[in-house]
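Just so you know, the sequences run in chain order A and B. Each residue of the first sequence is one higher than the one before, starting from 1 at the first, in my numbering. Each residue of the second sequence is one higher than the one before, starting from 483 at the first, in my numbering.
Just so you know, the hints here were simulated from the structure itself, not pulled from any lab data. Note that the structure is predicted; figures quoted are calculated from it, not measured. Worth double-checking, as some hints may not be accurate.
Per label pair, the in silico range of CB-to-CB distance [what the hints assert, rightly or not]:
hint, chain 1, residue 1, chain 2, residue 2, range
1, A, ARG132, B, ALA843, 28 to 38 Å
2, A, THR99, B, PRO940, 43 to 53 Å
3, A, ASP184, B, ASP939, 54 to 64 Å
4, A, LYS406, B, ALA804, 43 to 53 Å
5, B, ASP939, A, SER335, 49 to 59 Å
6, B, GLN955, A, LYS149, 57 to 67 Å
7, B, ASP842, A, ASP392, 48 to 58 Å
8, B, ARG807, A, THR65, 14 to 24 Å
9, B, THR866, A, GLN385, 37 to 47 Å
No residue lacks a Cβ here, since even glycine has one placed at the ideal position from N, Cα and C.
There are 2 protein chains.
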Amino acid sequence: MAPEKEFVKAITPQSEDFSRWYIDTITKADLMDYAPVRGCIVFKPDGYELWEAIQQDLDRRFKATGHRNAYFPLFIPESFLEKEKEHVEGFNPELPWVTEVGGEKLEERLAVRPTSETVIGYMYSQWIQSYRDLPLLINQWANVVRWEKRTLPFLRTSEFLWQEGHTAHATEEEAREETRKMLDVYTEFVESTLCIPVIKGQKTPSEKFPGAVATYSIESMMKDGKALQAGTSHYLGENFARSFDIQFLDKDNERKFAHTTSWGMSTRILGALIMVHGDDRGLQLPPKIAPTQVIVIPIGPAKTRERVLAAANELMSALQNANVRVKMDARVDLSPGWKFNEYELRGIPLRLELGPRDLDAGQAMLARRDTGAKLTVPLADVATQIVALLDDIQSSMYERALAFQKEHSKRAQSIDELATIVRQERGFALAGWCGNDACEALVKEKTGSTSRNIPFDPPAHIDHCVACGHPAQHTVWYARAY
Amino acid sequence: MAPEKEFVKAITPQSEDFSRWYIDTITKADLMDYAPVRGCIVFKPDGYELWEAIQQDLDRRFKATGHRNAYFPLFIPESFLEKEKEHVEGFNPELPWVTEVGGEKLEERLAVRPTSETVIGYMYSQWIQSYRDLPLLINQWANVVRWEKRTLPFLRTSEFLWQEGHTAHATEEEAREETRKMLDVYTEFVESTLCIPVIKGQKTPSEKFPGAVATYSIESMMKDGKALQAGTSHYLGENFARSFDIQFLDKDNERKFAHTTSWGMSTRILGALIMVHGDDRGLQLPPKIAPTQVIVIPIGPAKTRERVLAAANELMSALQNANVRVKMDARVDLSPGWKFNEYELRGIPLRLELGPRDLDAGQAMLARRDTGAKLTVPLADVATQIVALLDDIQSSMYERALAFQKEHSKRAQSIDELATIVRQERGFALAGWCGNDACEALVKEKTGSTSRNIPFDPPAHIDHCVACGHPAQHTVWYARAY
């Protein structure tokens with residue numbers, strides 16, 4: 001037998017240094033590694049598997065709402081980007097340019113896509129002729145590149161993976177409806193599958209997508225009180241349709257510009273999943289998204305091993321029949337204690353321990369990752385009880401995250417109060433805003449926080465602007481943000 | 483009611499011009515469009531859906547053989563590519579280079595990946611320390627770029643989609659076994675799911691992957707007698723391990739270089755699917771891969787419409803319960819004839835027609851896309867008969883393709899014979915080869931064909947080299963190739 005591996009995966013406590021906790025956790029849980037290209041990461045199998053689970057769930061939702069997948073080119077000719085002025089200004093500083101191929105210089109530089117509105121806009125102008133071709137509802141799963149100055153694994157990397165939906169409609173009303181519908185799809189997914197409560201709202205003009213008429217976002221709160229934008233949906237108006245000549249002949253025989261939308265969710269959602277639920281023991285994965293929901297750990301001396309393994313295998317079968325994703329770690333050169341730590345670090349929602357004394361008593365021991373609670377369950381009931389427990393963990397994790405978000409959300413009547421809320425108390429601040437860009441900029445300068453969004457459903461209305469004191473046009477969530 | 487749409491999707495017959503037939507078919511079946519970037523295409527929803535079906539099937543096979551997915555960066559630093567001399571020489575002419583970002587020039591140029599051995603080799607050198615870390619079995623689904631001089635949709639595009647498996651092993655034996663195992667996985671998939679018979683074999687040294695010790699391929703025959711390499715698997719020996727220092731401490735306490743493999747299948751397989759099965763009416767999709775297996779077309783005048791639709795919906799439910807992928811086209815402004823043509827063009831394996839007279843007779847009409855055969859089936863038996871028919875179509879399509887391949891494969895005793903076989907008779911030629919590169923080059927020069935592979939299981943052994951007449955070391959398949 002090999003010497004027992006020491007459990008050396010100590011993680012910096014969240015209270016000591018949240019950023020170090022984050023890096024420790026994702027590294028030690030084996031989700032990623034740094035790539036030898038500036039700002040890029042490698043998604044290791046355990047990290048990529050989470051993205052695959054997210055893709056499957058989202059993809060089903062997109063298809064259920066009538067969207068189909070397609071694939072557009074990675075490269076975007078410079079002239080295309082220049083057609084939408086705001087768009088190119090917004091993305092230019094982050095664009096990598098292909099200027100030569102083999103030994104030859106290209107006549108026109110090609111950008112590596114930061115997003116695909118332009119090239120898709122061009123294609124839509126070829127495909128859309130009549131109102132019969134509308135709505136056109138397409139999604140793309142792809143890699144995109146934005147050369148960020150400061151990078152952080154999953155949250156902000158030079159290359160990342162995402163989906164980008166691009167739709168075209170005959171009327172503004174229909175396009176706006178699509179924009180909101182997809183925000184709802186994101187909300188439903190993030191809340192019910194990832195157990196992350198979000199705040200839905202509209203971005204202020206200074207925070208909207210370059211080229212959009214209106215940008216909507218869902219904002220989530222991390223355990224350090226910072227915000228993470230989990231998904232965005234843009235109503236692009238006729239902006240891209242005019243730049244790329246997406247016109248159609250309407251029922252009334254008039255040529256009109258289409259109204260387009262785009263919406264995206266990326267691998268940065270993995271960062272939210274980790275920072276909303278993780279604790280000092282490591283990851284915590286909600287059962288619905290966890291690639292492994294239950295880890296079975298056989299216990300006891302060599303002489304009872306065969307008997308325990310036989311019973312454990314029976315339980316595995318029963319769980320698999322109940323559609324539970326279960327794995328067993330029966331390695332003999334690692335202690336149960338080491339394994340307990342390891343699978344807590346990896347965030348597996350439930351641990352099942354089974355030893356000879358459990359067998360004698362006709363029971364198994366279950367341990368919840370979220371609460372740490374342990375309970376014994378009769379062997380015959382293991383599958384049904386686990387199915388119920390996984391449901392309970394799923395809803396508890398959401399409720400816990402929601403309670404945390406509420407507890408750390410406060411109203412701010414002044415910039416000083418706002419600064420205290422976002423900095424010392426580490427939370428979100430609800431404040432009034434007069435609608436003036438300068439006031440929003442002042443809040444940012446004085447507090448380090450940015451406007452997250454103007455919530456659809458604010459918990460309170462505030463009648464004066466937090467910066468200038470004039471009457472408020474909007475109620476805004478401010479927070480420091482990733 | 484709108485005026486009936488004319489069926490204007492005439493396709494150039496294969497016998498007249500196979501290349502035009504191909505372009506007509508993929509365009510009119512709406513699989514792709516040309517992108518505004520040189521040599522790139524857009525995968526339209528109907529084309530991308532086929533790739534998604536291929537991905538799902540292959541991915542299941544990779545996971546069943548112990549592989550996990552991961553994701554590595556798109557960009558490869560120039561210095562990495564230069565570490566493996568043969569590799570960089572092979573890919574250099576086709577590499578797009580990112581030289582600047584935003585307004586700034588990069589210190590080191592970044593290639594857009596043509597394949598990922600180098601960057602993955604580097605990561606493996608970080609991850610592999612001990613024999614316990616082996617084998618390392620990883621696959622990546624990704625886009626890659628090779629700036630080809632001559633491009634053809636799906637078959638050869640500047641950017642394409644693929645999977646690339648990359649594994650590392652403790653011994654040569656194990657790595658060679660993996661290389662052959664993955665070739666078998668490809669073979670099983672291509673033959674049983676896509677109904678495409680293949681020839682398994684080893685590439686000659688001049689045709690092997692740059693940097694590999696040995697390359698194995700599966701070669702398929704298109705309806706114009708040209709070959710298409712459907713998948714490749716490479717034993718890389720210690721080449722990349724030495725370039726990237728992938729060393730491990732073995733059980734015997736000695737540091738050794740790992741033996742690595744790589745293997746890939748790309749969207750060019752869509753080209754094979756189309757050119758192996760398609761005919762003058764358009765696509766023919768094997769039932770296992772067809773996103774829609776049965777198209778239901780209600781027939782008859784307006785007054786019987788409600789009754790027919792009710793019965794058609796019942797059949798749809800019965801088929802869905804039998805796990806048949808079925809759709810109905812109940813549009814009233816298009817004639818049944820137009821629809822028959824349309825779904826034949828799109829390659830749907832089975833058509834179900836249902837009209838009032840069918841209902842009176844208690845039956846439905848089925849039409850096979852592959853043979854054109856029509857048969858009537860009692861309504862109560864529709865689901866069971868269709869399940870059986872889809873199986874029969876699946877095996878018939880394979881048998882038909884295999885018969886075609888055999889019919890167009892001949893032995894060549896001389897270069898003239900070989901030229902006749904590959905050019906006039908449009909087929910594959912089996913010939914002897916002395917093992918000399920010059921002889922292989924001569925065949926290419928004189929006949930326009932290239933060596934496809936040295937089959938594992940040649941139908942005959944030929945004792946002299948087709949070029950020089952000296953004793954043959956190998957029996958080789960030659961063909962013109964995509």
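Check the structure against each numbered hint from earlier and tell me which ones fail, lowest number first.
none
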